[in-house]
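Participant: With these hints in hand, go ahead and build the complete structure from the sequences.
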Amino acid sequence: MCIVEIRPGEGGADALAFAIELADTIAGWAARCGWSVDRSAAEPGRTIVMTLPGVAEAEVAWLSGTHRLQHEPRNDRRGRRHTSTATVAVMPRQSRPSGPLVRDEDLRVQTMRGRGRGGQRKNKVETAVRLHHLPTGIVITRTTGRSQAANLASARTDLEDRLRLMAARQAQQNADHLRRAQVRSERSAKSFTHNAQRGQVVDHTTGQRWSLRAWRQGRLER
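Residue numbers for the sequence shown follow the UniProt record's numbering, so the first one is 1 and each next one is one higher.
Since the hints were made in silico from the structure, they are not lab data. Treat each hint with caution, since some may be false.
Estimated spans, in silico, between C-beta atoms of each pair [to be verified]: (1) A214 / L101: 22 to 28 angstroms; (2) A31 / Q208: 20 to 26 angstroms; (3) P92 / E10: 25 to 31 angstroms; (4) E72 / R46: 23 to 29 angstroms; (5) R130 / A31: 55 to 61 angstroms.
These numbers were taken from a predicted model, which means no experiment stands behind them. We put the beta carbon where it would ideally sit given N, CA and C, even for glycine.
Facilitator: Okay, structure coming up:
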């Protein structure tokens, strides 16, 4: 599964319309390939997200980059050429860890005498727990539970929560890095140029050209 993010760039309402047009093109191409597509609604200033189940990132990655549209808006009486941009980023779906978050062999457990309420027995018996997670260096201490087992269970739960948060942050950083590597939204950047006057689309990476009509119909044969 891969995820396609289409973000309007410079150009205001024209850029949003262009982003929607790109989403329509990709949806049409996916249909021609026999792929299903889940698509979010288009909103001003928001990214259009398309999910392609069962489709590898490599199948779609060639569409990534900055798409630049050169056109003459109908409401411009001077006939000036306008440029709008939209960016396409192709992201792999983040996979969840297949194994357990916390493995016993990655832990070092220390026991101590408990503190707080619980009577003399708690303060004399080693009910408190200090949990060391060796791969990350995280240390969690629990002293308030009534038993060693309760403190250990609480510490493990806290550790799992922290590891999930760390994994989510790392996944987000990886996605942000991949996205930045693919797209730049300023007008000077371009991976594809869509020229409405000439009726063509140019891939500046490969030099391939399509008619604008065929492109908009999703006929993206390479």
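Participant: Against each hint, give a clear statement of whether it holds in the structure.
Facilitator: Right, here's what the structure says about each hint:
1. A214 / L101: 22 to 28 angstroms: Violated: the Cβ-Cβ distance is about 49 angstroms, outside 22 to 28 angstroms.
2. A31 / Q208: 20 to 26 angstroms: holds, 21 angstroms
3. P92 / E10: 25 to 31 angstroms: The hinted range 25 to 31 angstroms holds for P92 and E10, with Cβ atoms some 28 angstroms apart.
4. E72 / R46: 23 to 29 angstroms: Check passed, 27 angstroms falls within 23 to 29 angstroms.
5. R130 / A31: 55 to 61 angstroms: With a Cβ separation near 58 angstroms, R130 and A31 satisfy 55 to 61 angstroms, so the hint holds.
The structure is inconsistent with hint 1 alone, although it conforms to all the rest.
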